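Novice: What follows is each chain in one-letter form.
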Amino acid sequence: MTAALESAAPLRPDESAADTYGQRSARLRAASPAEAAAELAEISTSVRRDILTTIQSAGMGHVGGDLSVTDLLVTALWGTLRLDPTTPDTPQRDRFVLSKGHCAAALYSTLASCGFFPRARLSEFMAPLSPLNGHPARLKVPGVETNTGPLGHGFPVATGCALGAQLRGETWRTIVVLGDGEMQEGSNWEAAMTAAHYKLANLTAVVDRNRLQQGARTEDTKTLEPLAEKWASFGWEVRVIDGHDHRAIKEAYAASTTGRPVAVIANTVKGKGVSFMEDRVEWHHKVPTDEQVRLALEELNR
Amino acid sequence: MTAALESAAPLRPDESAADTYGQRSARLRAASPAEAAAELAEISTSVRRDILTTIQSAGMGHVGGDLSVTDLLVTALWGTLRLDPTTPDTPQRDRFVLSKGHCAAALYSTLASCGFFPRARLSEFMAPLSPLNGHPARLKVPGVETNTGPLGHGFPVATGCALGAQLRGETWRTIVVLGDGEMQEGSNWEAAMTAAHYKLANLTAVVDRNRLQQGARTEDTKTLEPLAEKWASFGWEVRVIDGHDHRAIKEAYAASTTGRPVAVIANTVKGKGVSFMEDRVEWHHKVPTDEQVRLALEELNR
Amino acid sequence: MTTAAEQSPTYDCRADFADELAALARSDERIVAVCNDSVGSSNLVRFREEFPTRLINVGIAEQDLVGVSAGLANAGFIPFVSAAAPFLTGRALEQIKADVAYTHRHVILCGQSPGMAYGELGPTHHSIEDLSWMRAVPGLEIIVPADPAETRSALRWAVASGKPTYIRIPRFKVPAVTPAGAPFEAGRATRIVDGTDVTVIAVGTMVSRALGAAALLERQGISARVLNMTFVEPLDREAVLAAARETSGIVTAEEGLLSGGLGAAVARVVTERHLVPVRMLGVPSFAPTGSTSFLLEHFGLTAEGIAEAAREILDRAR
Amino acid sequence: MTTAAEQSPTYDCRADFADELAALARSDERIVAVCNDSVGSSNLVRFREEFPTRLINVGIAEQDLVGVSAGLANAGFIPFVSAAAPFLTGRALEQIKADVAYTHRHVILCGQSPGMAYGELGPTHHSIEDLSWMRAVPGLEIIVPADPAETRSALRWAVASGKPTYIRIPRFKVPAVTPAGAPFEAGRATRIVDGTDVTVIAVGTMVSRALGAAALLERQGISARVLNMTFVEPLDREAVLAAARETSGIVTAEEGLLSGGLGAAVARVVTERHLVPVRMLGVPSFAPTGSTSFLLEHFGLTAEGIAEAAREILDRAR
Ligand SMILES: Cc1ncc(C[n+]2csc(CCOP(=O)(O)OP(=O)(O)O)c2C)c(N)n1
Ligand SMILES: Cc1ncc(C[n+]2csc(CCOP(=O)(O)OP(=O)(O)O)c2C)c(N)n1
Ligand SMILES: [Mg+2]
Ligand SMILES: [Mg+2]
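Chains as they are written, first to last, in my numbering: chain H, 4 to 305; chain D, 4 to 305; chain A, 1486 to 1803; chain E, 1486 to 1803.
Each hint should be verified, as a subset may be incorrect.
[To be verified] Below, computed lysine-lysine pairings styled on DSS-like, alpha-carbon distance capped at 30 Å:
1. A/Lys1658 with H/Lys289
2. E/Lys1658 with E/Lys1648
3. E/Lys1648 with D/Lys289
4. A/Lys1658 with A/Lys1648
If you're looking for bench data, these hints aren't it; they were derived computationally from the structure.
Because the structure is a prediction, the values reported are computed rather than measured.
Hey, can you work out the whole structure from these sequences and the hints?
Specialist: Encoded structure:
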């Protein structure tokens, strides 16, 4: 069936924000993890604020997973990968893929912070004909490498990106972030096996290990533990970290030391940063009231 | 789309063969592995002969995997499971599922040996309108629990069978046999995780580890090793055996000792029993000439 | 302009799904529910409370979801597989084909939040393809309930029939449209409004809008017949044929792609049996972002849109 | 009775697939092949010999096959994904929808051994559903080559177009049917035989049989037009419309299910634009065991079967 895709115009970069990002991120990339940590934490806080107001304006969203993944996202996009928001399709760019696409608000807030598009547009999240769809769509949002939303898609695609770089002998790298519940999808284990077989040392897969999925704890739904052993037995170099410690995250994003692809199991807290949301399953996609948003922003300001 | 399924009449049990099977298999089930081994080996040889002539008459088939899986099949159907070919749908039967459905000729030859249908019908393998389709179809062949052929289907279905028995508090058990190449299908890892989560101690998954898949060695195609670690990290009790040693197979088919599902990694030789086929990738689905069948049968007679 | 149907109270049929499923489970121990981390979104909270051991959650694993369900059927259960329609049909298609339809297992596939019910979540979460995909799985019955009563009937029918069945469970709120005492039979459409000029054949969310269209058309002196084609498979070929013979044209309306769903099923009968102009309404391609109501409006899937298509058909026929 | 087309030499187009793919790869470094343990059955042995690093085998993992290919496209490659059609389309459907079509990646999906090419291997290995399933993926071009020349053209077109494309690679032997100098354009059918009484619209293996039918009909004084509808998507609506206007009826013939493939595409044009009787030939349900020739015969997918359907259509039209 041939037909035009969606109708709304794609977003364009915010040149001035991109300029700031270019300089600051270059500095953060070059800095040691210890040096960069505080600044990355600061950016993460402002991204968390945007996530909350973005979801507030939409009246929908997946706030719990957005807040658990924020530090992982910010450290990837601000502190690790080489990206240029003004030329988001340049072949030599590093690739970032959010496999847990339901956390679009976190991705959009981070991309906006980098200048991939104007931050003001975040208020259009999920509005009629908005390019900021409930799940990321690459033809609409610069910085999105592949459309995600159904779980278990981003990882195989990221594997293909990394394999492509390896085939071309190029040095750019790929980071993909998965949900822990998402690891129940068999397609991910197919990709894990492929990446190990092809020794894709240029690929880092990060599991946002918040121990909750949509309806309950992961271990009560379908046991993932021992998760590190699973990855290791699939041929990956495994790094287990605190997924809210920017220094640890930046260290874990460092290149493979074994020639094998790197799996980062990032222990996180769903709803991180907002006390009444933390580690509570109902905040998977519950929408905060205006009062709750006010309280949450207040907590983040502390 | 509503419509009748295929047109040929389903096969019916061979009462007299089933009768012999009933007595002999009861004895073999009750016997110790050491006691039963020689007789199981004998049955396996005659099943291998039938496989060869069945493929010869069809002019098609997957002889390599048929011969590697024969001892696993015979030990399951003759020496382990409680089955009654004359009432193949009785609710209390044990379940056997051949997930690597391309080895239909091995399954059919074994089922015929038990009396699920007359052995003479094997010559109709893949003939026009034959119930003995190239892949097993349950509405046509008694003893087939679920239609397989696409890899990665039988294991999830077998998991459902075992879960069903657990839910009902019934004691019948399920054995499923997988190809090693088949373990590259993500659907299998989904099932492995489900079975472990539900602690399906009544489920045994057997991997026919012949180290070859369709086009090449498994490790050259997509690395499966360390396979035992993979299963263990997915929560299974793992038993690694010689898949042509009937005593070892029967031992490995014994009940779980850990309350967890049991994975049997059966090291086998593709094409086992026919020297010029053994461990050669081209015999995945090459068809022997009449002269080669003659030679093969001669070897098996020794 | 508001129509009668639009003024009626509307219902989220998920409540009826949950209620009827529990009722069925109470009287039939073989019934279990199977879901993919979707206890809430598949409306199984209540089922779990009442039958904690009979709710099986396989986690986020749709291939396994359907395979395990086929195995449960093998073990004598009647599984209601409950998952978001796009993932159930798209991710587990080969399992539906091989393990359920071809193996012929009595598995009842419940596509939750079908069509564009997940409007703002975008095309990956829309299930506009499911009717086309499922129609191309031989041996599968396909039911698209239009209201609470039909949702309940569909569940009951699927248990009684013993057949592999796909049911689209409505989420977008709909008014009651089923006439009291209307039979619920495979291959039998309900003629909700009789009419002689033109026929609207609709399913699911489109049925009440078709009724709205008939009311609009009536004010313009056009007599429209409205058929609720609850069973897309088996299709009520006789009802289509009668519409082709007795009215001047047919409009089909479905919350789904135009390529292979209801419209295609109707067009086949028309072109093979009795020619009459057909106008298909549905979704032409991946939809943009927006609420379900917005998107239905966007694609003209409204009483006005259907009425307009009916007038066009009449113009062509004249 | 044998016809000209049936006496012609026949070709296994897999050789042309392999040859053209190698030729394209020689002049375009972006081209890679991706397969699922199907180097032999996907006819990639030769490609591997010439381009050992450009053949990627992901093992038996179809979801990964398509996902990885979308990633390779992201990295600037043009992947030819080569796998048995039933597994490629059935097992990786959601990846085709989300990663390829919706993400709009230039991935070329090559369905090997389509239709009932794997006759004796049964319904799990038949790909009679693929045209219906793929037509219900928005944004996917669908090509069904009918002979060696079209197989080559399809590959070249898919590279040049930049569009996500599904190609059914023929395996069952077919005679050459493409007239010399016939253009190969998206949305353009080839009128191989002109005719005024009835039109046969065919794809793939059915084209030569349609020509056979035209020859049979000619001897009976019936002038049949034969259209090769190489692109099922985008469909040549004008050619269908011309057939509807200029001849008394249309027979569609495809090696696939009747529910949503070529027949449905044609019926939509006919019912919406210009009414004329249509008779659809194809496969009604899961097929039994047997060779491809046996099965085609079994379902009347022969020159005789098509000719008979054409006569029926003419009887109806009169
Ligand atoms: C294939 C598929 N099945 C089901 C869903 C519905 N779904 C959306 S989010 C979610 C839970 C994800 O849990 P997890 O991966 O742990 O993410 P997080 O906790 O970070 O939100 C589910 C089941 C989906 N998006 N895709
Ligand atoms: C989903 C799917 N993909 C591909 C195939 C084609 N195929 C048939 S057999 C086979 C190789 C299987 O290898 P393995 O599981 O090791 O079996 P064995 O060596 O015992 O024959 C393949 C790829 C298939 N049947 N199903
Ligand atoms: Mg989680
Ligand atoms: Mg093997």
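Novice: Work down the list of hints and note, for each, if the structure agrees.
Specialist: Verification of the hints:
The suggested pairing of A/Lys1658 with H/Lys289 holds, with an alpha-carbon distance near 21 Å, which does not exceed 30 Å. A distance of roughly 28 Å separates the Cα atoms of E/Lys1658 and E/Lys1648; the hinted pair therefore holds under the 30 Å criterion. A C-alpha spacing of about 38 Å is found between E/Lys1648 and D/Lys289, which places the hinted pair above 30 Å, so the restraint is violated. For the proposed pair A/Lys1658 and A/Lys1648, the alpha carbon gap of about 28 Å is at most 30 Å, so the pair holds.
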